[in-house]
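Protein chains: 2
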Amino acid sequence: MTGEPGSAGRQRVAPLPLGQVRIDDDFWSPRIRRLREQTLPVQYARLVETGRLDALRLTWRPGDEPVPHVFWDSDVAKWIEAASYSLATVPDPELESRVDGAIELLAGAQQPDGYLNTYFTVVQPGRRFTDLRDAHELYCAGHLIEAGVAHHEATGKRSLLDVACRYADLLDREFGRGPGQRRGYDGHEEIELALMKLYRATGAERYLRLAAYFVDERGQEPYYFDLEAEERGTPGYFGDHFADREADPRRYREYLQAHLPVRKQTEVVGHAVRAMYLYSAMADLVLDNGDESLLDTCRTLWRHLTTRRMYVTGGIGSTADIEGFSTDFDLPNETAYAETCAAIGLVFWAHRMVHAERDRRYADVLERALYNAVLAGVSLDGTRFFYDNPLASAGAVQRREWFGVACCPPNLARLLASLGRYVYSAGPGEAVVHLFVAGGARFEVGGVPVELEQQTRYPWDGRVRLSVRAERPVPLTLSVRVPGWSRRTRLTVAGEEHDPVGQGGYVSVRRTWRDGDELVLDLDLSPRRTYAHPAVAADAGRVALERGPLVHCLEQVDNGDRLSALALPAGAPLHTASTGPDGALSLLAEGMRDGADDWQDILYRNDPPSRQPARLVAVPYCTWANREPGEMLVWVRETGLP
Amino acid sequence: MTGEPGSAGRQRVAPLPLGQVRIDDDFWSPRIRRLREQTLPVQYARLVETGRLDALRLTWRPGDEPVPHVFWDSDVAKWIEAASYSLATVPDPELESRVDGAIELLAGAQQPDGYLNTYFTVVQPGRRFTDLRDAHELYCAGHLIEAGVAHHEATGKRSLLDVACRYADLLDREFGRGPGQRRGYDGHEEIELALMKLYRATGAERYLRLAAYFVDERGQEPYYFDLEAEERGTPGYFGDHFADREADPRRYREYLQAHLPVRKQTEVVGHAVRAMYLYSAMADLVLDNGDESLLDTCRTLWRHLTTRRMYVTGGIGSTADIEGFSTDFDLPNETAYAETCAAIGLVFWAHRMVHAERDRRYADVLERALYNAVLAGVSLDGTRFFYDNPLASAGAVQRREWFGVACCPPNLARLLASLGRYVYSAGPGEAVVHLFVAGGARFEVGGVPVELEQQTRYPWDGRVRLSVRAERPVPLTLSVRVPGWSRRTRLTVAGEEHDPVGQGGYVSVRRTWRDGDELVLDLDLSPRRTYAHPAVAADAGRVALERGPLVHCLEQVDNGDRLSALALPAGAPLHTASTGPDGALSLLAEGMRDGADDWQDILYRNDPPSRQPARLVAVPYCTWANREPGEMLVWVRETGLP
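For the record, the sequence lines run as chains A and B.
Our numbering puts the first residue of the first sequence at 1, with every later residue one more than the last.
Our numbering puts the first residue of the second sequence at 643, with every later residue one more than the last.
The set of hints was computed from the structure by calculation and includes no laboratory data.
Since this is a predicted model, take the numbers as computed values, not measurements.
Be aware that a few hints might be false.
[Unchecked claim] Below, a sample of chain B positions facing chain A; criterion: calculated Cβ distance under 7 Å:
#	residue
1	THR1172
2	TYR1173
3	HIS1175
4	SER1206
5	ASP1236
6	ASN1248
7	PRO1250
Using N, Cα and C, we set each Cβ at its ideal position, and we do this for glycine too.
Construct the complete structure from the given sequences, taking the supplied hints into account.
Now the structure itself:
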């Protein structure tokens, strides 16, 4: 890190609201259109089919099937949130009426005191707030609040926001360190960042204070979840699932980041999605509460995550058994869990961090996760999803339409529908470009309406043309991220060469911009060979191929089977060709294949395999598993190193 | 395969009884002594401590802890079998009295009609033979019979043999295709090979016929286990364990090799130990019943196993989820299951196959499994055991003293205690040497007592000196296996050079031997680099180091941590040194290590790791995990291939 570039930036700029951002991009627009036309309707149909919406009518009686699940309310809320983001950019009366219908059901399910949770209203009445560790109660509350804020921002309607506020007010009465209050916090973090959004949307400081309470109460001794379990006298909702929980309390406190007070935490541990949502809320408290000590904690955790426990795709959480982190450098490829939601959570956290201190380290990781681990989570046609995202497959891995635990599909939908939030930030006298997405942003400078137009064919082409449109000249600092991976970057401002180097990896050009003035950034999209730290056993002797923000992978459909038999010589040039799925650029190289012809009925022998020339074709990882099923491999063997 | 070398051999030779074999060998004798002095007493103590012996008193009542487990009787039987083998070679009154005590308990537990099973006598009375698929009832019967035969051969006593016969007679009445008989067979094969042993020990053909019935009834439609489950109306003993059994009937029929009639089976599938015990019985039926069609089936299954699904260590069954086989060439190293018992089962099957047709393919695999996958299963001090035998470890894998399901420790004990059975075979006018173990064998040739003395320091030295001791000259064919891995073998007979090539890889020297005549075999123990078929993804770009019958591996204690960062250049010479555990020879080579010093806080970068020279030390796999805990690796990366 270079100096403290962020401390000024922290207060200065904020993400632009969705309504001020236009996306008209060859790479993203079709994906967002498919989201609108395919993903949102399909997901709505699933909410109906699976009984998630009907459950809100509270007519379930013991013996009925299906039994409402503790997660169900959150799936409805995430869908409303995603649909709201979509409505913020493209009006759609049918979608809006579905949203209103779902909100009506939620409002109808709200209890007179503000409480809103299907499971604890009809399946376990009278047990509310007795199983915070397992039962996802505050997690569901958080998603309800996020949906309420998104819906209000998109439509101006208060229908769901008011429901959310009433519930949040109940939580504010219920939880805290005052007399008669519960000193609890959620097993699955989410409520914290949601309350921060509600604070921003309403200005009501009690929500900020409640979020700060939840963050800081976490991990204090005596451990709340131990007291809660003792009082409850039952093993909890996941009691059967985690057979060894009693035997290994430390591991299961780490599982939900409650092993230590958060300010004493130095390692990213446990369930990866939970961790990301917690760290996002911590960064929110840095941004909105000026909490510098939490910033130090966030920096330490960020460094640990990104230098020890992150896949090259930006996927995180390598082990399925806790859906989370294992040990440093343990990044197996074929068994990688790398849950889609965890990569989405990393985008959330990184987005907050780059506003806490403007450093491209955060935005580079955001972009890495977004273009790779996140985007691979949805099929090109927008109808099928990955829950876990391995970096190698023997052929059996395919996307599915839905999951019993259906967190990932609506989470993907809400991220893609709100992509505009991640492209630009703005503040007094400054606009910042974080991502390269064609379209534009509208904002004001000293009362003058300005449009910043972005033209680019990124990620296929490295040229990014930013044009200022304004009725009269405006003094403006235009800051642009220069990604860390771009080795030979060129920059011109109004036709003149400009040094492409800036503090924290953002070039800032302060000048008076006239209508039509351009900043042109030429990023170096030469294909790159990428190596992992020698402690990553799974990647030893192997190389990953990258181009711009995209990690590439080999698929059987292009390379034949037995991908493990392929190797790439160290010096072989990498070329590009427009042969990938959906028009994606592939990387091509002349490699080698271990021949199997002379191994008839031989499993082991003393002569090494003979090597034959083989053309290697690597497509963007985000496009894999969209053609015929087959093997996939990110990390390719490299041969002939000096 | 070359011609049909076995068809004559099939009838000609048989393994020599233990009492006629002497082992006085630097490599094996200390192991067998530790078995006698450590393993057998320790295992007896476990039988007592865990209640397995006491359970035979049949005093268990509902509510008592522990509840006798369905496997328990087999643990007692396997221990008696192992102890009997030990008594056959080394008298030990204390051990014999413990054996007699255990037999007394077994005899006391036998019901008036011959039935003998603790679980179904006290825990589930009245339910005998209703859950053959899951409850290991005939499996326990099989081990009881094997113990009875071994005890009789070792001591001449009939105490346990008579118990076994009474039980086998009950089974003969109960099972079969006759009126009123059950057309069942065991879920875990074992009874079949046990009945073949009982047939050989008693000459009673009903046992042979019952074994043949069990083998051939397996996999016939309608599937017996489906009928049995329907009749029983409960999910079976492992109903909870296999949640997806109803959903995937084919997989769970394959699990116990009951998906097809055995003569139609062409692929080794399912639970590896079960498969080996079944195939062993099939080979027994070839040997004793002249069943040529079963020999064809065995050959097909053997080829499939050894060319698609066997680790270089001779370990088999790569996946833990069914303790068995997955798919062709799926041989992951770190997660290898490779159960000790499965490798032992492979030794059993290979031993029968080499008597069905004399071909070193079988004995080479027998030796590979014995010296590597089997022997690694027990610590050098004889007190701790591996259940599964991975070929790579990140450091957490260590042997344990005992297991809840304790099949492996007594199985190892009975194999090591009966090692002599695997060294020699003899028949009219011929003696065969399969394994190189110093000591000797006694047999008669035309009424003349002959001793064949074997002197060798194998596997550390390749010279094997076989001397004939006889009162007068004897016409004898002396056949010796020349292992397939020995590239430059020399052979002299009575001082004269002899061509070291023979049918099926066994050199046969027919001559009149005088007292003191010697056959000297010089095997080529040059260290070998071994490569796996290019379809084995886990071993791509990697090499295993072997010397003689021993597969070697790298351990952290010799090589430092991060073994995956090490690589062996293709041309690097391999040297030997006496630095291994327990005096074992190590292999040494000058290799390379990917340096981590210049990766501070970097997880991915575009410059490849720098390489530093590093001495690689590889110890025999069978000696690993006997010093300090740490990483282990069999397949090392190879660099610099042309």
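Quick rundown of the hints versus the structure:
Hint status for B:THR1172 relative to chain A: holds, with the closest Cβ pair at about 5 Å, below 7 Å. With 7 Å as the threshold, the beta carbon of B:TYR1173 comes within range of chain A, its nearest partner Cβ sitting at about 5 Å, so the hint holds. Checking B:HIS1175 against chain A: minimum C-beta separation of about 5 Å stays under 7 Å; hint holds. A cut of 7 Å between beta carbons decides the hint on B:SER1206: the least distance to chain A is about 4 Å, and the hint holds.
With 7 Å as the threshold, the beta carbon of B:ASP1236 comes within range of chain A, its nearest partner Cβ sitting at about 4 Å, so the hint holds. Taken as an interface hint, B:ASN1248 checks out: its beta carbon lies about 5 Å from the nearest beta carbon of chain A, inside 7 Å. Given the 7 Å rule on beta carbons, the hint for B:PRO1250 holds: about 5 Å separates it from the nearest Cβ of chain A.
In summary, this structure violates none of the numbered hints.
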